[in-house]
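Keeping their order, the protein sequence lines are chains A and B. Under the working numbering, the residues of the first sequence are numbered 1 to 224, in order. Under the working numbering, the residues of the second sequence are numbered 1001 to 1889, in order.
Don't read these hints as lab results, they were simulated from the structure. Mixed in with the good hints there might be a few duds.
[Unchecked claim] Covered by chain A, per the in silico footprint, the following chain B stretches (three or more residues, Cβ under 8 Å):
hint, stretch
1, 1731-1742
2, 1767-1775
[Claimed, not checked] Result set (DSSO-like, lysine-lysine): computed pairs, CA atoms no more than 27 Å apart in a straight line:
hint, chain 1, residue 1, chain 2, residue 2
3, A, Lys-17, B, Lys-1705
4, B, Lys-1881, A, Lys-153
5, A, Lys-100, A, Lys-182
6, B, Lys-1028, B, Lys-1088
7, A, Lys-207, B, Lys-1881
8, A, Lys-100, B, Lys-1697
9, B, Lys-1881, A, Lys-100
10, B, Lys-1697, A, Lys-17
11, B, Lys-1705, A, Lys-207
Just so it is clear, CB atoms sit at the ideal spot from N, CA and C, and this is done for glycine as well.
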Amino acid sequence: MTVLVIDDEVQIRRLLKITLEAAGIAVVEADTGRIGLEEAARAHPDAVVLDLGLPDMGGLEVLKLLREWSKVPVLVLTVLAAEADKVSALDAGADDYLTKPFGSAELLARIRAILRRMPEENEPSSVKFGDIEVDLSARIVKKAGTEVRLTAKEYAMVRLLVVHRGKVVTHGQMLRELWGPKAEDNTHYLRVHMTHIRQKLEAEPHKPRHLRTESGIGYRLVED
Amino acid sequence: MNDQRPDPDAILASLNREEQRARRGKLKVFFGMCPGVGKTYAMLRSAQQELHDGVDLVVGVVETHGRTETEALLVGLPLIPRKQIEYKNIKITEMDLEAILARKPKLVLVDEFAHTNAPGSRHPKRFQDVVELLDAGIDVFTTLNVQHIESRADAVRQITGATVHETVPDSVFGMADQIELVDLTPEALRERLSEGKVYMEGRAAAAAENFFKDTHLTALRELALRFVAEHVDKRLREMRSVGTFKTVWRSGERLLVAVGPSPSSTQLVRWTRRMAASQGASWIAVSVESSTPLDPEAQRRLEKNLSLARELGAEIVVTHDNDVAEALVRVALQNNATQIVVGKSRSPWWLDAFRGGNLVDRLLRIGGSIDIYVVPAERASEKPTTWLDWRPTAASPAREYAEVFGVLAALTLVSWFIVPHSGYLSVGLFFLLAIIVLSLRVGPGPVFVGGVVSALTWNFLFIPPIFTFAIARFEDGLMFFTYFVVAFISGQLTARVRAQERNERMREDRATALFHLTQAISAARTLDDAVFAALRQADKYFGAKTALLLGDGNGSGLMPHFAGSFVINDKERGVADWAWRNRKKAGRFTDTLPSSEGFHLPLVREDVAIGVLVLKMPPEANLSLAQRDLAESFADQLAQLVEREQLRAAGEREKLLGESEKLHRTLLDGVSHELKTPLAVLSAAVENLATADESMKANLADEIKTATRRLNRLVNNLLDQTRLESGALRPRLDWCDGHDLVNAAVDGVSEFLIDHPFETNIPQDLPLFRADSALMEQVIANLLLNSALHTPSGTPIFLAAGLDRAKSRVYFTVADRGPGLPAAMRERLFQKFQRGDAAKAGGLGLGLSIIRGFVTAQGGDVVAGENPGGGAVLTVYLPYKAHGDVPAE
Chain A
1 MTVLVIDDEV
11 QIRRLLKITL
21 EAAGIAVVEA
31 DTGRIGLEEA
41 ARAHPDAVVL
51 DLGLPDMGGL
61 EVLKLLREWS
71 KVPVLVLTVL
81 AAEADKVSAL
91 DAGADDYLTK
101 PFGSAELLAR
111 IRAILRRMPE
121 ENEPSSVKFG
131 DIEVDLSARI
141 VKKAGTEVRL
151 TAKEYAMVRL
161 LVVHRGKVVT
171 HGQMLRELWG
181 PKAEDNTHYL
191 RVHMTHIRQK
201 LEAEPHKPRH
211 LRTESGIGYR
221 LVED
Chain B
1001 MNDQRPDPDA
1011 ILASLNREEQ
1021 RARRGKLKVF
1031 FGMCPGVGKT
1041 YAMLRSAQQE
1051 LHDGVDLVVG
1061 VVETHGRTET
1071 EALLVGLPLI
1081 PRKQIEYKNI
1091 KITEMDLEAI
1101 LARKPKLVLV
1111 DEFAHTNAPG
1121 SRHPKRFQDV
1131 VELLDAGIDV
1141 FTTLNVQHIE
1151 SRADAVRQIT
1161 GATVHETVPD
1171 SVFGMADQIE
1181 LVDLTPEALR
1191 ERLSEGKVYM
1201 EGRAAAAAEN
1211 FFKDTHLTAL
1221 RELALRFVAE
1231 HVDKRLREMR
1241 SVGTFKTVWR
1251 SGERLLVAVG
1261 PSPSSTQLVR
1271 WTRRMAASQG
1281 ASWIAVSVES
1291 STPLDPEAQR
1301 RLEKNLSLAR
1311 ELGAEIVVTH
1321 DNDVAEALVR
1331 VALQNNATQI
1341 VVGKSRSPWW
1351 LDAFRGGNLV
1361 DRLLRIGGSI
1371 DIYVVPAERA
1381 SEKPTTWLDW
1391 RPTAASPARE
1401 YAEVFGVLAA
1411 LTLVSWFIVP
1421 HSGYLSVGLF
1431 FLLAIIVLSL
1441 RVGPGPVFVG
1451 GVVSALTWNF
1461 LFIPPIFTFA
1471 IARFEDGLMF
1481 FTYFVVAFIS
1491 GQLTARVRAQ
1501 ERNERMREDR
1511 ATALFHLTQA
1521 ISAARTLDDA
1531 VFAALRQADK
1541 YFGAKTALLL
1551 GDGNGSGLMP
1561 HFAGSFVIND
1571 KERGVADWAW
1581 RNRKKAGRFT
1591 DTLPSSEGFH
1601 LPLVREDVAI
1611 GVLVLKMPPE
1621 ANLSLAQRDL
1631 AESFADQLAQ
1641 LVEREQLRAA
1651 GEREKLLGES
1661 EKLHRTLLDG
1671 VSHELKTPLA
1681 VLSAAVENLA
1691 TADESMKANL
1701 ADEIKTATRR
1711 LNRLVNNLLD
1721 QTRLESGALR
1731 PRLDWCDGHD
1741 LVNAAVDGVS
1751 EFLIDHPFET
1761 NIPQDLPLFR
1771 ADSALMEQVI
1781 ANLLLNSALH
1791 TPSGTPIFLA
1801 AGLDRAKSRV
1811 YFTVADRGPG
1821 LPAAMRERLF
1831 QKFQRGDAAK
1841 AGGLGLGLSI
1851 IRGFVTAQGG
1861 DVVAGENPGG
1871 GAVLTVYLPY
1881 KAHGDVPAE
């Protein structure tokens, strides 16, 4: 398993290398976007860690060029207070983001999440997190063994999060998928439905454990 | 004992003189009684000595007159080539002042101090070139004969009969630091003359015959010696005045000279200057303006006399009064003058009697303890004084005469028909009435003529026997005489009243002009407005085009102000530049570059020229004393204005600088402290990590974690503040869930809340509201952090949120039980780098400023208050609007 790290900061690259290699993942390094793209073509990495603030061309530009020919999962690194960048990166095809500074545990969790290949045929028909079980083939959600009745939209939202479990799903993605492209600005749909979902599934609906909010970006299903 | 102490004023004056001398170049004058005594020779020998001593000297101009001994001494002295000036197709060479100033030697030789420069030179006189050289800090050697000294010119003329045209003001000569008298006995000089060592040219021969007579030479020599002695004596007294055990020099004597338009005043001025110099006294020249205006020619002469007095070092006072004697005494008392100098009156006795005694008598009567000097003036130099001179006529136009004769003719005709009924006495009264009425309408000349003509007409046509000028009865004779006197006096009185009125009006005009100027200036809100207003006023009052050039503050050049109506060309700019650098008036109506179009007045405040006002009057216009005065007042007002504005701007800049510097220091101190503390922790912890055992490693890791979070927080705060200030903050409003926001915020700062009991109170049904969730998360986190950091550990922190439907807003409140916020600092609290008085170490004081910035950007507000029962409450409000429907499924 190989990860391509595209970052101009040698210290960040070194740190990522140490962390990832300790976890048994091989690392290929690139310090500019151009070299990064070349390496992506040459080394066929299983995932890419991409810094959005690159000196030669913007990380977003690299991402777009990469997405023209590759579906390799991408984790973008950003700084705080750059929500707009994060959303643009996610919409441009990034699989997840990580805000600097970050801890190594968080990094590994994110990389594992994006590395999880999800070919439709291999998709497990049922996913469990906490005392909740979602049976994707039977379209049934159970909490502590009891079936919970969800509306169609609620179930669609849960399904989306489960399919991308561990990864962030942006508001835009959700709204497009569930209400069509015209509904992209109506984030209150999501808020309202999420409140209901949490009330039905979470033990403490106002302090959700699994159905987490990513402020200003979207939602993420955390499994543990 | 008291007498032994030096006079502090004298010391101060002496110090000032010394200081000025130190800044200026030194002037050494080689002084002689007449041409040919060897001044140039002596100067060149001194120069050779200086050159030998290694002094950097150049020859500006030296006239050898072809004398071989003198030419020999020029060898080896570096020469600045003379400048060629073409004047009326004649090539004239003059000293190249610019080249010398550019070369800036230590010492320059300038022969013939009194020389008049060719037209088109920078200054009309060479001594002005020298003054400029001295001002530039260059030492000057020059030569001068006694006949060229302004105050001695008269004496020389009286001795030799030759009028001297080239003179040097005494005040300029007074600048000399050293005078070397080049003395030669008359016999020796005559010998040199006969040997042909003096005046090689033929034209000298005739002059020599007269000028170099033994008797003349002796007199000139005495004059020169005495002049130098006076100068030396004065210097000596100056020096003595500062010594401690000598008798102090008293500046008690002060002379006052009355100056009028008459040419004899010129002599009076020179006489007074000599007198003042020999007494070591200062002097004042006073001009008394009466209510009768002077004709332009007299005005011009008066100004010439006054400017001569100014050149000779007098202080000029112009006063208004119809009584000359009273005015002189008044000015004398005001200025502490001990002696008054007046010319010998030559008005006829009967006029003096009519005026209540002549000037000298009146001065003696009211002058008290003031000494009065009466100096006879030379009649020869003056045009004959006749009664016509004070005849109050001439200026009245023909129209006025026509009016007078028309009225009188009509009156005569009417009277001819009514005289049989009224009698000839009434006719006389009619005529008198007509004359008085006419005097209100026409000038004094026509009134006078009218008076005479009407008196004669009355006599000839009406007083019996008619058709003769004879008068039969004594009563009629008396009547006729009375008529004549009444007509004459009333005419003159009215004329005087009118003149007075005109004068009053002129003065009032001036006062009004100044008033309007000040008003216009004070009404202006910016300097540019004020300058614009002031220049328009100047345009109006001088009938001129005006321009204002302002120094740019660092002394490198002048910039024309856009409000000027006179476009400054390169030549005028050169003049303005000179006026600015030398802080003297220049251009037209002055002695410096008089051929230029504009009259350039420097704006001087406290010895610093801040700009130049340029007036361009029409070519035929003359500048009267009153106008010059007004122009100076204008310049002064403008200078005050500009200075005030510059001071204000400088003050503001200073204040701003001070504030930003303070901020900088606070920031630097704060940032370096804030950065260094976690860095110190990090470096120490990492060093220990290598040798630590397992349990210690866990502790160290905790420390490292805390330190990095602190660093992270600091950097984020600085980034946020920068975002706020750069205006790059664009909130992305979106529907937010209050619970989500609080959860995220609490997660972010949970480690700081460990030491505090923490409670939240958020209603289950808190509706969604629009906000930038990332910003709001940070706002709430900062609020919590602020409370956690500023309250003692163990004290509780509360977080509440809710909807205020009445005011359509949602609120988030963080309350604590800490020391609370004094009302005085609640407002200040939200400014950046403000930290609570009780703030624990740590933090830059950015937290609350960021809160306010973020909240305001989202259309909300933040308020600090007091928690009932102690502690602080900070509440954030955001506007609330219900969200639209969610489509049913």
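Violated hints - listed by number, lowest first | 5, 6, 9
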